[in-house]
Amino acid sequence: MPEPPSRRLPRRAVLATAAVALSTALTGTLSACSSANGDASHGVTLTFTWWGNDDRAARTVRAVRLFEKEHPGVTVRTSSGDFGAYMQKLATQAAGGGIPDVAQLDYRQISQYAGGDALLPLDKAVGDDTIRTSEMDKELVRTGTFGGTQYAMPMGRGITGYAYDSKIYEKAGVPAPEPDWTWQEFAEANKKIAALGLKSPDGRHVAGSNDGGTNEDVFEDWLRGRGGKLYASQTRLGFTEDDLTAFWTYFDDQRRHGAVAAAEDTVQADSTEWTPIGRGLAAADFTWDATFPGYPALLGDQVRLAPVPTTDGRAGNYFKPSMLLGVGAHTSHPKEATELVDFLLNDKRAGDILGFTRSTPPNRTIAARVAKTLKGPELAIYRYGQTMEKYGVDAPPSAPPRGDVAIQTAFNRNYQRVMYDRASPREAAREFIDEANRELRS
Amino acid sequence: MTTMSTDMPARTEQTEDPRPKSARRRRREQQWPAYVFLSPWMIGAVVLTLVPMAVSLYLSFTDYNLFDPPHWVGLRNYTEMLTEDPRYWRSVGTTLLYVVIAVPLKLGLALGAAMLLKNLGRGRAFYRSAFYAPSLLGASMSIALVWRALYNDGGTIPHLLDSIGIHTGGWVGNPDLAMYVVVGLTAWQFGAPMVIFLAGLQQISPDLYEAAALDGAGRRRQFVSVTVPMLSPVVFFNLVLEMIQSFQVFTPAFVVSNGTGRPADSTNFYTLYLYERGFTASHMGYAAAMAWLLLIAVGVITLILFRTSRSWVFYADEEGR
Chain A
1 MPEPPSRRLP RRAVLATAAV ALSTALTGTL SACSSANGDA SHGVTLTFTW
51 WGNDDRAART VRAVRLFEKE HPGVTVRTSS GDFGAYMQKL ATQAAGGGIP
101 DVAQLDYRQI SQYAGGDALL PLDKAVGDDT IRTSEMDKEL VRTGTFGGTQ
151 YAMPMGRGIT GYAYDSKIYE KAGVPAPEPD WTWQEFAEAN KKIAALGLKS
201 PDGRHVAGSN DGGTNEDVFE DWLRGRGGKL YASQTRLGFT EDDLTAFWTY
251 FDDQRRHGAV AAAEDTVQAD STEWTPIGRG LAAADFTWDA TFPGYPALLG
301 DQVRLAPVPT TDGRAGNYFK PSMLLGVGAH TSHPKEATEL VDFLLNDKRA
351 GDILGFTRST PPNRTIAARV AKTLKGPELA IYRYGQTMEK YGVDAPPSAP
401 PRGDVAIQTA FNRNYQRVMY DRASPREAAR EFIDEANREL RS
Chain B
1 MTTMSTDMPA RTEQTEDPRP KSARRRRREQ QWPAYVFLSP WMIGAVVLTL
51 VPMAVSLYLS FTDYNLFDPP HWVGLRNYTE MLTEDPRYWR SVGTTLLYVV
101 IAVPLKLGLA LGAAMLLKNL GRGRAFYRSA FYAPSLLGAS MSIALVWRAL
151 YNDGGTIPHL LDSIGIHTGG WVGNPDLAMY VVVGLTAWQF GAPMVIFLAG
201 LQQISPDLYE AAALDGAGRR RQFVSVTVPM LSPVVFFNLV LEMIQSFQVF
251 TPAFVVSNGT GRPADSTNFY TLYLYERGFT ASHMGYAAAM AWLLLIAVGV
301 ITLILFRTSR SWVFYADEEG R
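These protein sequence lines are chains A and B, in that order. Quick note: the first sequence uses UniProt numbering, first residue 1, plus one each step. Quick note: the second sequence uses UniProt numbering, first residue 1, plus one each step.
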């Protein structure tokens, strides 16, 4: 093919690029214009954001559309993202004084946002029943308070659990985990499964479980089972270097023997698909009840939900608000925003639509009503909650201190140094505690 | 960038204006359109650069968590960084290692490609665009994601290496290799320095090569004795530019590690750590202090480059005088 003279090519390329840039700029402005006009003609516009998977997003949007139908003149603009991106976006918005009118919040954010006046106090709305709490557990509602003021409403009740492949457990001769199974039994199970010599689809060794050493939630379960806790107060840790060294040594040792997943596989487990169990590299994983359905959806019904191991029968997990709903302090429509919160929490039809996407709904009546229609993994979540309620768990601790978000990531990172042989469990524990103390001090 | 101008005034001041005052005044009166045209830039520089810089300098002496008003702590951010925070020094080490590897690699590729393209007749424009394209695309998030997938477990690169008997496993999960994923992505974007090298190569008079050839210089000798010295100002320019950019590497590191600097902090570059301190841990004051130390460090290194350049950068016009 004859080539065009070389001099012309760049010019044409430049023109083409310019045209593309220009049209992008134009469409950008145009769409911005149209949405601005839309706002003006529709009266009240609320923004509502949350994190979560596609199923949660689809159901939440359906519930929101129902709310809009019931409240003519109110438009709700929704957006959602994955947890990490959502957290960062919210932090940036909060810094700019613009938390969305209604936002899904994590337990770990309450102290930070409430203390920083980024959230609207909800006491009045709760007092005059704009947000009804009569059908919720008092203790659970209390988790949304900071300094005695209600700043957020729990949106679901969650508890840590353990997803395991029952077929592999059977093959290894390990009984299904009971609520009183211990950390020792967990280690035994991992050893037996590793000894089976199973191969993953890409020909690698299959371990008993994911490495729990990176996961602060697993550490909390382990610690509380021994009578400890993460925080002694808003400025002090509730455990020692020895506690953490023991925990990390326990998992480090198992990983060295191939009983739990390899370092690189644990480190890359950002989503269910990338967890060692999801990639066929392990037989089990620690999980929250709300995220459990992702495992059977990916791997099949042989994946079951079980309790996390205990220390001599003492359970370390507790019912925690899986997520909360807050209203931005600077909302121009506090009335509509609190109405939306109440609608999502207490309206029966909204409850039917939302189901168990945020684990057990905080409204008891709705939870019982929805439970009748549940099947598969969601029914497993409900039953698991009932089992743990019967077995007995502690009351939730008060909301974690401000530095907690940074401390949680530091936990994961410091154990990575153990996994890759860059630090001993004790060195990593010492560095982590120094880092955590710096976070709590400021 | 700012330090680049330090050498310039010395040269321009030498040319004193010998014309009478009236002419100078007339010229000054004609300067107002220049200021009008400059004003958008000047307003932008003040509002978008100088004011934020001043604010960030102030914040670097405070404890600021984005919610509460900043709280003055004096030099504590700086002392904490330098004496109490082992991660800070690890991020410095990672970044320096990266700069030392990535910059020469990228410039080497750029010069190599420029040499190949220099004497190419047909299709030169095509190849030039093709090599330049990564520079346009490479900074984007999507390319970084593709890049990560290439090096991930079961990705193309580990596969290819496996097939020739080198078993590396996924690079992204390996703390000894993860940084090279970022190095590779940077080196691949050698288009911008390549274009500058190409321009530099075309400036070199063919007479010099002819003369060298007559004196019996082979290709290698011509490269060492003609190309390298004649090209040294361009090498210097590219070196300074790339060095400054490399200290600020962010997007690829962010994507490769999913924003965490993993595995085991091996991709926790300085800017990534700065970002984490500021936006994840909400320590804006600390992040601002880190930014200022980075600015100072880059400034000092650039200055050193300029000082040493006198002994190895060769300007043809200097020779002539």
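Please keep in mind that the hints were generated in silico from the structure rather than gathered at the bench. The structure presented is a predicted model; accordingly, all values stated were derived computationally and were not measured. Each hint should be verified, as a subset may be incorrect.
Claimed, not checked - Between beta-carbon pairs, the in silico distance windows are:
# : chain 1 : residue 1 : chain 2 : residue 2 : range
1 : B       : 72        : A       : 188       : 54 to 60 Å
2 : B       : 248       : A       : 188       : 48 to 54 Å
3 : B       : 164       : A       : 299       : 55 to 61 Å
What the hints assert, rightly or not - Calculated Cβ distances over 10 Å to all of chain B for the following chain A residues:
# : residue
4 : 184
5 : 372
6 : 402
C-beta: ideal position from N, C-alpha, C; glycine also.
These are the hints, each one checked on the structure:
1. Between residue 72 (chain B) and residue 188 (chain A) the Cβ separation comes to about 56 Å, which falls inside the hinted range of 54 to 60 Å.
2. Here the CB-CB span from residue 248 (chain B) to residue 188 (chain A) is close to 51 Å, well matched to the stated 48 to 54 Å.
3. For residue 164 (chain B) paired with residue 299 (chain A), a C-beta distance near 34 Å fails the hint of 55 to 61 Å.
4. Listed as a non-interface residue, residue 184 (chain A) keeps its Cβ farther than 10 Å from every Cβ of chain B; the least gap is roughly 29 Å.
5. No Cβ of chain B approaches the Cβ of residue 372 (chain A) within 10 Å, the least distance being about 40 Å, so the stated non-interface status holds.
6. Here residue 402 (chain A) does not stay apart from chain B, with its beta-carbon only about 7 Å from theirs, under the 10 Å limit.
The earlier numbered hints that this structure contradicts are 3 and 6.
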